[in-house]
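Trainee: Sequence:
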Amino acid sequence: MSTTRAGGADILESFSGLASAFAKKELTAAREAHDRFPFAPFWSDVLEKAIGVGFFGITLPAGYGGLGLDADALVPVVRMLARADASLSALVCTHAAALQVIAESAGDTGADPAYRMIGKSPGKPLAFQSFTHPDELEMPVAVSDGDAYRLTGSVRFLAAGAVADFAVVAGSGGRSGEFSYYLIALNTGAVSVSEPIFTLGLHACPVVDARLDDALGILLGKKGGGIEYCRRAWPRLSLASAAIPLGILEGSLDEAKRYAEERVQGGRVIIEWPEVRMILARIAGDVHVAHGALAEACRMFAANEPGWEAASVAAALSAGEAAARGTVDGVQVLGGNGYMTDYGQEKRMRDAKQAQFLLGMPALRRLELMGLPAQR
Numbered sequence: 032m033s034t035t036r037a038g039g040a041d042i043l044e045s046f047s048g049l050a051s052a053f054a055k056k057e058l059t060a061a062r063e064a065h066d067r068f069p070f071a072p073f074w075s076d077v078l079e080k081a082i083g084v085g086f087f088g089i090t091l092p093a094g095y096g097g098l099g100l101d102a103d104a105l106v107p108v109v110r111m112l113a114r115a116d117a118s119l120s121a122l123v124c125t126h127a128a129a130l131q132v133i134a135e136s137a138g139d140t141g142a143d144p145a146y147r148m149i150g151k152s153p154g155k156p157l158a159f160q161s162f163t164h165p166d167e168l169e170m171p172v173a174v175s176d177g178d179a180y181r182l183t184g185s186v187r188f189l190a191a192g193a194v195a196d197f198a199v200v201a202g203s204g205g206r207s208g209e210f211s212y213y214l215i216a217l218n219t220g221a222v223s224v225s226e227p228i229f230t231l232g233l234h235a236c237p238v239v240d241a242r243l244d245d246a247l248g249i250l251l252g253k254k255g256g257g258i259e260y261c262r263r264a265w266p267r268l269s270l271a272s273a274a275i276p277l278g279i280l281e282g283s284l285d286e287a288k289r290y291a292e293e294r295v296q297g298g299r300v301i302i303e304w305p306e307v308r309m310i311l312a313r314i315a316g317d318v319h320v321a322h323g324a325l326a327e328a329c330r331m332f333a334a335n336e337p338g339w340e341a342a343s344v345a346a347a348l349s350a351g352e353a354a355a356r357g358t359v360d361g362v363q364v365l366g367g368n369g370y371m372t373d374y375g376q377e378k379r380m381r382d383a384k385q386a387q388f389l390l391g392m393p394a395l396r397r398l399e400l401m402g403l404p405a406q407r
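All residue numbers for the sequence shown refer to the working numbering, where the first residue is 32 and numbers rise by one.
Derived by calculation from the structure, the hints in this document are not laboratory data.
Warning: the hint list may mix true and false statements.
What follows is a set of in silico ranges between Cβ atoms, one per label pair, in the way DEER data are often shown [as the list claims (entries may be wrong)]:
#1 ASP41 / ALA394: 15 to 23 Å
#2 VAL320 / ILE82: 33 to 41 Å
#3 MET371 / ALA93: 43 to 51 Å
#4 ALA52 / GLY94: 49 to 57 Å
#5 GLY99 / LEU398: 52 to 60 Å
#6 ALA93 / GLU292: 43 to 51 Å
#7 VAL172 / THR140: 16 to 24 Å
#8 LYS253 / THR219: 22 to 30 Å
The structure presented is a predicted model; accordingly, all values stated were derived computationally and were not measured.
Yeah, the Cβ is synthetic: ideal placement off N, Cα and C, and Gly gets one too.
From just these sequences and the hints, can you work out the full model?
Mentor: Dropping the structure here:
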């Protein structure tokens, strides 16, 4: 049973309320200003407040300053944040992915050195290649140096790399096809970080390329354990990666419905036009299906039912497709105004496309799904 569910549904409800209030106060009004990054200042003040309320400590073990909850506690937080601005949700998910890899590795060798290292920057997000599937990784080479390792090479598309002090990165070495995970410090002379990459969406979740030149790294878990840790971590993380597109889609539906109830055309509000009602109904249907799939995956996860891993990954894939499709409809309801910054619909459409690649290319994740045990 998950730690979160063991504490009762009240925990999830409190997180949902907290994230909803935070989004309304800190994200909605300045959404378009935040989306101008990297051509405008980063929202450092918002990130500091998000750290302060504990969004980045949800799955960090309690012994190291976090709440020590399981992956399902992330779901209401990233979902509610994504209804306003999914960039912060992507930052939370990226940080959680790095923490989950550390947690998976702890069963083999312990993770106290890693947790103590990241404790030097309490609350700050960890960088991780959260938009890259392990099969897509271009990895630096890791060479043993006593009790530590030295890494040399490129780390592409490192999410949160522009704001993090530490990163969890994959490194090759040893037998062909194997890789390991390492914790590295980014603010050293051995690591050079590019300017933030201008992506399609989720602009305020800054992504960079990094170059490592004999960078010191702490091995996480056993040598060559990267694939095993991914296989255990990805289904858990898929709960959050399903909640983000669901939140984006819900935000798009709310905006479209609100506009349709207020906009007058041809002598009546446009929500009375059958064509508009059909579009809204199609989005609402996608919301219900995505919500149902995620709720079932969370229920199975909490009960540790056989097949929860496949249910989680499938929920993420279907929610991503629904959001990419539904946010286009959300723009259409607003007509030309759908592309105006006043409403945020065009941003949601771009964010939904980008969010489909959380945890890697959707095509690779579908293939991964085929290898997971289904519900009995």
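Trainee: Does the structure break any of the earlier hints, and which numbers would those be?
Mentor: 1, 4 and 5
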